[in-house]
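Single-letter residue listing:
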Amino acid sequence: MDDVLMIGGRMISSRLFIGTGKFGDNRLIKPALEKSGAAVVTVALRRIDDSAGDENILNFIPKDCILMPNTSGARNAEEAIRIARLAKACGMGNWIKIEVINDNKYLLPDNQETLKAVDILAKEEFVVLPYMVPDLYAARRMVDAGAAAIMPLGSPIGSNRGLKTKELVRIMINDSSVPVIVDAGLGMPSEAAECMEMGCGAVLVNTAIATAKDPVEMAIAFSEAVRGSRRAFFASSGYIGETAGASSPLTGFLRGTN
Amino acid sequence: MYIKINGKDQELSGACTLEELVVNKNLMRNTIVIEQNGLIIPKKQWGRAAIGEGDVIEIIGFVGGG
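Respectively, the protein sequence lines represent chains A and B. If you count the first sequence from 1, position 157 lands on 158 in the numbering used here, and the numbers rise without skipping. If you count the second sequence from 1, position 56 lands on 205 in the numbering used here, and the numbers rise without skipping.
Only chain A is shown next, with the shape it has when bound in the complex (with noise of 0.2 Å):
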């Protein structure tokens, strides 16, 4: 099957990216990563005292792998923009994950200024992927303002709660030319491969892999979730039925006339 995801020009070799936050333990992250085939990864930006240390977390993050640096901790646009141009200059690549958030309890971003940051940074040649409440015209606005894919919330950050915004995110896919990868509250693999079997381009996992009693267990499980329901995207025929339709004949009985 020839079916390649491609975001910033780059043939990007799995739709399961992964968030490196919240291991118990940074060893776990790279068999997790190399185990799952994970191309994409995502990492913050945070003052640092001592970068020398094992602790590195770029030490647990195979060389292959494209970072995306998140702007977490950015509650507005100028904040944003301020960390991406940070993080491009530690000279590790242009991705970016744009995250504006104001909101405490539900880590909600704001889109009015997530797509202001696309506005300024597409321009200055990030490859942007904004994380945002869906929303199609946001989601058309930021990608006319260059983002690369757009990334919408399933539910709220670290909730586990699973793809509750199935019908708005299947309304983006069906609008969408760039990529669309449902990031945030994917719990378990069947939820990411409820998102892939509607044609979400990749989904972003983050919390259930690392806080999972086997975090790379779990990496691959999400990983082989994600092939195969990619899989039946392309191979299912949509059909769902109103009633019953036998699956065995319907003659030659073992009783009776027929």
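Worth flagging that the hints you see were computed from the coordinates, not collected in a lab. Take these hints with a grain of salt, some might be off.
Simulated pairs of lysine to aspartate or glutamate, EDC-like, Cα-Cα distance not exceeding 20 Å [said to hold, decoys possible]:
{"no.": "1", "chain 1": "B", "residue 1": "K174", "chain 2": "A", "residue 2": "D51"}
{"no.": "2", "chain 1": "B", "residue 1": "K174", "chain 2": "A", "residue 2": "D50"}
{"no.": "3", "chain 1": "B", "residue 1": "K192", "chain 2": "A", "residue 2": "D51"}
{"no.": "4", "chain 1": "A", "residue 1": "K117", "chain 2": "A", "residue 2": "E80"}
{"no.": "5", "chain 1": "B", "residue 1": "K157", "chain 2": "A", "residue 2": "D51"}
{"no.": "6", "chain 1": "A", "residue 1": "K64", "chain 2": "A", "residue 2": "D104"}
{"no.": "7", "chain 1": "A", "residue 1": "K31", "chain 2": "A", "residue 2": "D145"}
Given chain A, work out where chain B should sit, using these hints.
For chain B alone, coordinates are given in the frame of chain A:
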């Protein structure tokens, strides 16, 4: 000389460049970025970037995140 590094007031005993600061703090230079008074200073300029009284310096790098 008093400066602010990552939001905390610090005293520097003598003249210092950003390069010397990075070395003194034993930081992995390849994975960090430095902002001096709101400006990102490219790594190749750290050796020439003198730190002045009252400077506000941010030393920023990657951590785990989703």
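Hints versus structure:
1. The straight-line distance between the Cα atoms of B/K174 and A/D51 is roughly 7 Å, inside the 20 Å bound, and the hint therefore holds.
2. With a C-alpha separation of about 8 Å, the suggested pair B/K174 and A/D50 falls inside the 20 Å cut-off, and the hint holds.
3. Of the supplied pair hints, the one linking B/K192 and A/D51 holds, its CA atoms being roughly 17 Å apart against a limit of 20 Å.
4. Between A/K117 and A/E80, the direct Cα distance comes to roughly 11 Å. Compliance with the 20 Å bound is thereby established for this hinted pair.
5. Restraint check for B/K157 and A/D51: satisfied, since their Cα atoms lie roughly 15 Å apart, inside the 20 Å limit.
6. In summary, the hint linking A/K64 to A/D104 is not supported, as the alpha carbons are separated by about 34 Å, beyond the 20 Å threshold.
7. Annotation: proposed proximity of A/K31 to A/D145 is violated, straight-line Cα distance about 36 Å (limit 20 Å).
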